[in-house]
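Colleague: Sequence:
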Amino acid sequence: MNYILKIYDFVSPSSRKPLLHPLTTPSLFPPFLDVDECAEALDNCSIDAICQNTLKSYKCICKSGYKGDGKHCEDVDECATEYNGGCVHECINIPGNYRCTCFDGFRLAHDGHNCLDVDECSDGNGGCQQICVNMMGSYECRCREGFLLSDNQHTCIQRPKALKAVQSDGGKDGPTCMDKNHGCAHICRESQKGGISCECRPGFQLTRNMKDCKLTCNYGNGGCQHICEETDHGPKCSCHMKFVLHSDGKTCVAMQHCTDFIDNHGTLTINPDESQPYVKVWSANLSLLMYPARPGGRRK
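In case it helps, UniProt numbering puts the sequence shown at residues 1 to 300.
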């Protein structure tokens with residue numbers, strides 16, 4: 001688009017004819033008549049960039065969450081970094097931004113990054129008829145003495161006063177689920193032929209002895225606050241970078257909160273203000289070992 005600046009020639013007052021000059025002529029284009037390309041939509045900045053007007057020109061700056069030269073901007077995937085966007089559980093990338101989400105049994109903290117355990121028992125006793133026990137990322141219902149947990153894992157049924165023996169194929173008394181020593185850790189099922197079989201509650205699976213149950217990472221993240229890894233002995237918890245595993249083996253402590261209490265030998269005091277503080281030492285396999293704190297511990 002060509003702009004025309006009209007300058008009147010007052011040398012010949014009788015004529016008063018305007019002299020036409022292109023606006024782009026530097027000698028006739030004072031700085032105070034600069035064109036704002038951004039306001040006039042004359043820029044070629046990306047839709048994901050900000051146009052910033054300058055003297056006789058403009059520049060394009062990619063918006064936060066994008067990268068490029070301003071004319072071409074692409075989204076930055078914050079979740080693809082080794083820090084997982086700072087999210088302790090799941091990181092979801094969205095155009096120009098990202099958000100953190102938590103596994104089932106956890107809720108997002110006010111900082112938008114950490115995940116806190118949900119106490120299901122605080123809301124309607126977790127739906128349990130009698131006893132509700134909260135666990136990291138989960139909960140379970142239990143019954144008082146003299147009651148059995150029903151198949152729905154929430155209600156309780158009273159134990160019969162008399163236990164009836166069930167005849168097996170060999171004509172001998174076989175075990176029943178009413179026996180206290182039936183051996184099932186969670187759920188006991190009786191077959192029509194008199195045998196029993198054990199089952200586990202959701203999120204658990206039977207061990208090799210077909211009686212005990214072990215927690216899995218598929219339910220409540222295995223009780224781990226950050227990372228859950230399946231092992232033969234059940235879930236193994238670990239933490240993201242800049243975090244260390246707490247003595248409970250499940251929760252994680254931010255490293256920056258602990259560095260002030262690391263001495264010259266690499267000893268880390270987690271709770272130095274308690275009457276009986278404990279310390280953790282890095283072992284060769286990067287696991288944490290706990291020892292009683294020695295009196296007179298030094299701060300770094």
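Calculated directly from the structure, the hints in this document are not laboratory data.
Beta carbons are placed, not taken as given, at the ideal position from N, Cα and C, and that holds for glycine.
Keep in mind that the hints are not guaranteed to be accurate.
To be verified - Pairs of lysine to any residue residues, derived as SDA-like cross-links and limited to a Cα-Cα distance of at most 25 Å, are as follows: (1) Lys236 / His89; (2) Lys211 / Leu148; (3) Lys63 / Asn93; (4) Lys250 / Thr231; (5) Lys214 / Cys143; (6) Lys211 / Ser247; (7) Lys242 / Asn209; (8) Lys236 / Arg189; (9) Lys63 / Leu33; (10) Lys63 / Asp75; (11) Lys56 / Ala41; (12) Lys67 / Asp43; (13) Lys59 / Asp48; (14) Lys214 / Lys242; (15) Lys63 / Asp36; (16) Lys242 / His89; (17) Lys242 / Val253; (18) Lys236 / Cys213; (19) Lys71 / Val35.
As the list claims (entries may be wrong) - Now the in silico label distances, taken between C-beta atoms and shown as ranges: (20) Asp123 / Gly146: 35 to 43 Å; (21) Ile61 / Leu33: 21 to 29 Å; (22) Gly124 / Asp77: 36 to 44 Å; (23) Asp111 / Ala80: 15 to 23 Å.
Colleague: Return holds or violated for the Cβ distance of Asp111 and Ala80 against the range 15 to 23 Å.
Modeller: holds, 21 Å
Colleague: Verify the proposed pairing of Lys59 with Asp48, using a straight-line Cα cut of 25 Å.
Modeller: Holds, because 13 Å separates the two Cα atoms, which is no more than 25 Å.
Colleague: Between Lys63 and Asp75, is the straight-line Cα distance small enough, at 25 Å or below?
Modeller: holds, 9 Å
Colleague: Given the hinted pair Lys56 and Ala41, is their alpha-carbon gap at most 25 Å?
Modeller: holds, 15 Å
Colleague: For Lys242 and His89, compute the direct alpha-carbon distance and say whether it is at most 25 Å.
Modeller: holds, 14 Å
Colleague: How does the Cβ-Cβ distance of Gly124 and Asp77 compare with 36 to 44 Å: does it lie in that range?
Modeller: 40 Å Cβ-Cβ, so the 36 to 44 Å window holds.
Colleague: Do the alpha carbons of Lys214 and Cys143 lie within 25 Å of each other, as the hint requires?
Modeller: holds, 20 Å
Colleague: Does Lys236 pair with His89 here, judged by a C-alpha cut-off of 25 Å?
Modeller: holds, 15 Å
Colleague: For the pair supplied as a hint, Lys71 and Val35, confirm whether the alpha-carbon distance does not exceed 25 Å.
Modeller: holds, 20 Å
Colleague: Taken at face value, is the distance from the CA of Asn93 to the CA of Lys63 at most 25 Å?
Modeller: holds, 16 Å
Colleague: So if I understand the rule, the pair passes when the alpha-carbon distance is 25 Å or less; does Lys67 with Asp43 pass?
Modeller: holds, 18 Å
Colleague: Given the hint that Lys63 pairs with Leu33, does the C-alpha gap stay at or below 25 Å?
Modeller: violated, 29 Å
In this structure, the earlier hints numbered 6, 7, 8, 9, 14 and 20 are contradicted, and the remaining ones agree with it.
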